[in-house]
Amino acid sequence: MPASHPTVTDPVVQLTEVTVHTPRRPAPLLHTVTLSIAPGERMLLLGTSGAGKSTLLHTISGGIPHSVNADLSGQVLVNGRDTSASTVVDIAMTVGVLGQDPSSSVTMSQVDQEVAFPLENQGVPAAEITGRVQEALSLVGAAHLAGRGTSTLSGGELQRVALAGTLVGRPAVLLLDEPTAMLDAHGVTMVRAAVAAAGVDGAAGTAPAVVLVEHRLDELAGPAGLAGLPPRTVLLGDGGVVLADGPTVAVLKEQAATLHRAGCWLPLEAELWAVAPAVGPDDAETAPGPDDESAGRGGAPIADVRGLALLDSFAAPSGAAATLRATPTPGRTLLEGTGLSVSRDRVRRRTARRPGPRILLRDVDIRLTAGEIVAVLGANGCGKTSLLLTLAGLVDPAAGRIEGQRPGLVFQNPEHQFLRHTVAEEIGYGLPGSAADRAGIVAHRLAGHRLEHLADQNPHRLSGGEKRRLSLAAMLAHDRPVLLADEPTFGLDRRDTLATATALTEAAATGRGILFSSHDLRFVAALADRLLVLGDGRLLADGPIEAVLADADLLRTAGLTLPPLVSWLLHRHPGALRRTLHRLDTAPAVDPVPAVVS
Amino acid sequence: MTGYLARRNPTVKLALLFAVSLATFFLFDPVTPAVLYLLALAAIVIGARPEPRALAAAHLPLLAFALGILMVNALSRPGTVLWQAGAARVTVEGLEVGAALGARALLIGILSFGFVVCTDAVALLTSLYQHARLNERVCFALVAGYRMLQQLGGEWEVIRYAQRVRAPLGRHGQPKAGPARFGLAAFALLVMMVRRGERVAQSLEARGLGRGARTVWRPVPLTSHDGWFAVAVLGGVALTIGVSVLAGVARGPSALFGG
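Chain order of the listed sequences is A and B. Be aware that the first sequence starts at 1, since it is given in our numbering, and climbs by one per residue. Be aware that the second sequence starts at 1, since it is given in our numbering, and climbs by one per residue.
In short, the hints are calculated from the structure, not lab data. A hint or two may mislead.
[Claimed, not checked] Residues from chain B shown here face chain A by an in silico Cβ test under 7 Å; the list is partial:
1. R147
2. Q150
3. I159
4. P168
5. R171
6. L184
7. A188
8. R196
9. R199
10. S203
11. G208
12. L209
13. A213
14. R214
15. L222
Small disclaimer: the values here were computed from a predicted structure and weren't measured. Positions of the beta carbon are idealized from the N, C-alpha and C atoms, including for glycine.
Make the full structure from the sequences, and use the hints.
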């Protein structure tokens, strides 16, 4: 046996005293990180944005020091080989990477070609490739997509194909970098099942070790709760140091307040631990077992009884919820669409040879009044974005008419919106008025959206959350009576999601009407006054939040799934959904009292 | 894409396109390239069945280009004056050479059109890698670029929407447009594509492209049919030129110098 082959007990990844510096920053991105991962082990990597999670993944994949301009000291061994002495292409034989944006990781135009590509590069005989491509696609539940063109797939389908393309090479290590960040609830479910399947030893050989970086832990964990997460967690702190490394439940219990304060998303159990450390089992390591599926605990979102009691107390009408926004009384109508038909095809005169446009939505009546916040829900591809573009006057309706003043629109991908070279210029783009007026507005928006320190930065160089804040600030700078927003919290951490909610609430408080689309039903339930549900090519419902969300048939028709927390609150505390979520969102983190050893 | 031409090997088709174009570089009479153009047109209509509208649309720029060449040569070449008005004069030699070059432009144009309508871009690149030994990094970077190209239209549309929604209104209540705004949007698109290109390049490398000794899972076939196809095309061209020479119609580069 060649010496490079590790024995079963050797770690598949071994980092020793790894420190990473970039020329642009004096502080290290990673600082003396020592870490080992056993074959087949599953690990969750947590940390605030900028703590070095992506850097750590890059050092394992060989991107550092080979592709990224950064200095690495210490030693990184992958499958027993020093990464500095190998090439990225060689390391790729052992390490598979799945990123958050499948549209740039999928490079072929046919699904099966895409999955076959790494095998072709490895020189696997063509006869063997056919079987392995089928096997990898079946593993992620995408066998039926084999003959499809990659440009025809939804985000969830594309991400599964990308995962198949990663697993087909039978990597010893699988790096998952926020694999669900850009997916809707259905896409997350798809990817969760695929990742779970990939982690089981099977026909494809030994399961790879998995390192997972993920914002949306509740969604990814699914009904199993904490038990659905990798059993081990490594927490990176500011400056790229390892703050904690141990069993997931124990690390979360101990660090919940720190993570909560830093603006990270946490699984619901850990979120409750953060705001009330007394909650939760005494022996955290024996907490929720794998059998605690939501079905087995009466629909409760978590197994922890004390956590449920805390939620009950949040639902109680007493207590100070001064910051909770009251449902506004209907003001004057700002925007009204009557009998709208929505289509993305250019609306032209129909001729004998030219068929009419493909209609996405028919007979939609929409009214938006001053001061209200309305959410648009619906499965991927139901026409939410097209409806917003139509209401914004950017796409002509195929039928019907729209009345009201010119609305503003914030786009789903902020990068699409950036037209200038600095943050300040971007906010000033297209503003009417004198130079002094414009400068005043820009300064006001920079301050209001925590962007002052970035005023001279290039918009494309910002972090995801900063980009989103900028796109919102740039649109709000135009004093339009109606603000439309397409998925304004996509891919944001907890702090930026709450900041977005605050910005929208403040805009509504000044008499604007807000209409936004979202997949995040917890966010919607905490913020919106009214819901519009799209599906089946029409407007299925228009009504108050709780009435709409409690209609199970409606949700099924629209292809929507309630998060366990929202579903449980609707049944247990009708009428208190928004209050409860608001208290949960705004409750401050409390540090745990160190246990007294007697 | 169906039909006889669509089933031919892309590298063979590309090589024939070059070979026929090259052969016409030595023809300076109008008749031979015109006959070759008609033959090529017939072969493409039968073998690739293009949509009549697409065929007509492709001819518009070709005809304009050919007409331009004809005019320039007719008016500028010295020789026997056929018609004169003031400083403008048309010569017989100018007309002949102009018509020859115009017909050549039409021929090369229709061949290129035929090639594009019956060739899948990915199959072309795979075939170039297999049969023309194109470097794999170049080849698959182009394949990935082709996918990015497919996404380009959608990205452009959204960028223009995003720009229009913030643009000040003009006199008629429409968002202002103009070359400067168009340039800004084009630059935004460029920035996005460069950034995406970077990610795509990383992704190709992370999947082992460039390790050497790669296999091709689904090779693009190169069969005896392709051989017969090449023989037929080259034979047809040779025959046409031969007949033209025997009939005394064909003229070489000497036509340029009044020979």
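Restraint satisfaction for A188 of chain B [CB to CB of chain A, less than 7 Å]: Check passed: Cβ of A188 of chain B comes within 5 Å of chain A, closer than 7 Å.
Hint check, P168 of chain B versus chain A [nearest Cβ-Cβ separation less than 7 Å]: Nearest chain A Cβ about 6 Å off; hint holds.
Chain A contact restraint on I159 of chain B - CB to CB distance below 7 Å: 6 Å, holds
Supplied contact hint for G208 of chain B, tested at 7 Å Cβ to chain A: 4 Å, holds
Given hint L184 of chain B near chain A, where the shortest CB pair must fall under 7 Å: Given a least distance of 5 Å, the restraint on L184 of chain B holds.
Minimum beta-carbon distance criterion (7 Å), A213 of chain B to chain A: Status holds, d = 5 Å.
Cut-off 7 Å, beta-carbon criterion: hint that R199 of chain B touches chain A: At about 4 Å, which falls below the 7 Å cut-off, the nearest Cβ of chain A leaves the hint on R199 of chain B intact, so it holds.
Chain A contact restraint on S203 of chain B - CB to CB distance below 7 Å: 5 Å, holds
Proposed interface contact between R214 of chain B and chain A, which counts if any beta carbon pair is under 7 Å: 5 Å, holds
Supplied contact hint for R196 of chain B, tested at 7 Å Cβ to chain A: The hint holds - R196 of chain B has a Cβ within 7 Å of chain A, the shortest such distance being about 5 Å.
Minimum beta-carbon distance criterion (7 Å), L222 of chain B to chain A: 15 Å, violated
R147 of chain B as an interface hint toward chain A, with CB separation required under 7 Å: Since chain A brings a Cβ to about 5 Å from R147 of chain B, closer than 7 Å, the hint holds.
In summary, the numbered hints that this structure violates are 5, 15.
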